[in-house]
Amino acid sequence: MGIVSPGFHGRRSAAAPELPPGQYLTEDFPVLTAGPTPRVPTDAWEFTVVTEAGQRYAWSWADLMALPGQTVTVDLHCVTKWSKLGTTWTGVSLDTLLENVETAADYALVHSYGGYTTNLPVEDLLDGQAWIAFKYEGEDLAPAHGGPARLLVPHLYLWKSAKWVRGIQLLNEDEPGFWESAGYHDYGDPWREQRYQGD
Amino acid sequence: MTPFHGPYDDGDYADGNALAGPLREIFAVDLTAASGRCAHCGAEGPVALLRVYAHAPGLVARCPSCTEVVMRLVRGPNSAWLDLRGATSIRIPLGVE
Chain D
1 MGIVSPGFHG RRSAAAPELP PGQYLTEDFP VLTAGPTPRV PTDAWEFTVV
51 TEAGQRYAWS WADLMALPGQ TVTVDLHCVT KWSKLGTTWT GVSLDTLLEN
101 VETAADYALV HSYGGYTTNL PVEDLLDGQA WIAFKYEGED LAPAHGGPAR
151 LLVPHLYLWK SAKWVRGIQL LNEDEPGFWE SAGYHDYGDP WREQRYQGD
Chain S
1 MTPFHGPYDD GDYADGNALA GPLREIFAVD LTAASGRCAH CGAEGPVALL
51 RVYAHAPGLV ARCPSCTEVV MRLVRGPNSA WLDLRGATSI RIPLGVE
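The listed protein sequences correspond, in order, to chains D and S.
Just so you know, this note's numbering puts 29 at position 29 of the first sequence, and the rest follows in order with no gaps.
Just so you know, this note's numbering puts 72 at position 72 of the second sequence, and the rest follows in order with no gaps.
Derived by calculation from the structure, the hints in this document are not laboratory data.
Be aware that one or more of the hints could be misleading.
To be verified - Computed footprint of chain D on chain S; a stretch qualifies when at least three of its residues, placed anywhere within it, have a C-beta under 8 Å from a C-beta of chain D:
no., segment
1, 74-86
2, 89-95
Unchecked claim - Over 12 Å on every C-beta distance to chain S, these chain D residues come out as not near it, computed from the model:
no., residue
3, 19
4, 33
5, 100
6, 102
7, 105
8, 122
9, 140
10, 172
11, 183
12, 199
All residues carry an ideal CB built from backbone N, CA and C; glycine is no exception.
With these hints in hand, go ahead and build the complete structure from the sequences.
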């Protein structure tokens, strides 16, 4: 094949999907992990919310399955610069889970089986922006991708979408999580390219 | 929260020699020859024998005995962040003074 003039393909920006700054498109689904992959049986799985007053709310797997689920198609943006577009997930909205939780907290620290943590403002968990997801492309979520259930917060870099999610601590003060305490940005908006502290 | 005791799959990790290049950029000595003591279980061993998870936003080095995090290293465009809170001490072999 010879060199083809870009003119034959029209303007590249018109054909390429729009990505956040610094990102490239990937078709596969890279597995990033900071440690061993927990194998959490669903009959032992539990999701908890603990408020700033110490009040604890808990859901078993059966409780989660009994809640109304949503299927959403969203784009994923990893801070390591890959983006994957049009991924379909099924899960329970955090709006549903937090509906009857009495809290005035502004901050959340998300905990995973295996010890991982990540922090984000409570408002980023609400208004149809976040889910506890348990199916990916119609199949049970594989452990490598965070199964049996992971947090899905697609408007922030993917490290915020904690795999193997186990609970959320609601806090009056912001507390940095695993990567946020090691140089990564506290908020992590891919469209503002908030990768590292100070970005 | 109380720790989840498993089961776990070990996943994909390298040995601590994967830290040699990135740490050489920061330290004048080769830290993979040093030995560290895990802050979680107290096990002591060479940095080169840590389990390094590199398919991640940074390098995460875990204790081969208890799998807890001993060291984290994040390299940004202008800075590196080194978190050693999982190590109570690092013993670095030096020449005779």
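Status of the hints after comparison with the structure:
Counting residues of the segment 74-86 of chain S whose CB lies closer than 8 Å to any CB of chain D gives 7, which reaches the minimum of 3, so the coverage claim holds. Counting residues of the segment 89-95 of chain S whose CB lies closer than 8 Å to any CB of chain D gives 0, which falls below the minimum of 3, so the coverage claim is violated. At roughly 18 Å from the closest C-beta of chain S, the C-beta of residue 19 (chain D) stays outside 12 Å, upholding its exclusion from the interface. Not every Cβ of chain S is farther than 12 Å from the Cβ of residue 33 (chain D); the closest lies at roughly 5 Å, contradicting the non-interface assignment.
At roughly 22 Å from the closest C-beta of chain S, the C-beta of residue 100 (chain D) stays outside 12 Å, upholding its exclusion from the interface. Interface exclusion of residue 102 (chain D) from chain S stands, the closest Cβ pair being 21 Å apart, more than 12 Å. Residue placement check: residue 105 (chain D) keeps its beta carbon more than 12 Å from all beta carbons of chain S (closest about 17 Å). Here residue 122 (chain D) stays apart from chain S, with its beta-carbon at least about 19 Å from theirs, past the 12 Å limit.
With a least CB separation of 16 Å from chain S, residue 140 (chain D) remains clear of the 12 Å interface cut-off, as annotated. With 12 Å as the threshold on Cβ separation, the claim that residue 172 (chain D) sits away from chain S holds: the shortest Cβ distance comes to roughly 19 Å. A Cβ of chain S approaches the Cβ of residue 183 (chain D) within 12 Å, the least distance being about 3 Å, so the stated non-interface status is violated. In this structure residue 199 (chain D) is not separated from chain S by more than 12 Å, as the shortest Cβ-Cβ distance comes to only about 9 Å.
When each numbered hint is compared with the structure, violations occur for hints 2, 4, 11 and 12.
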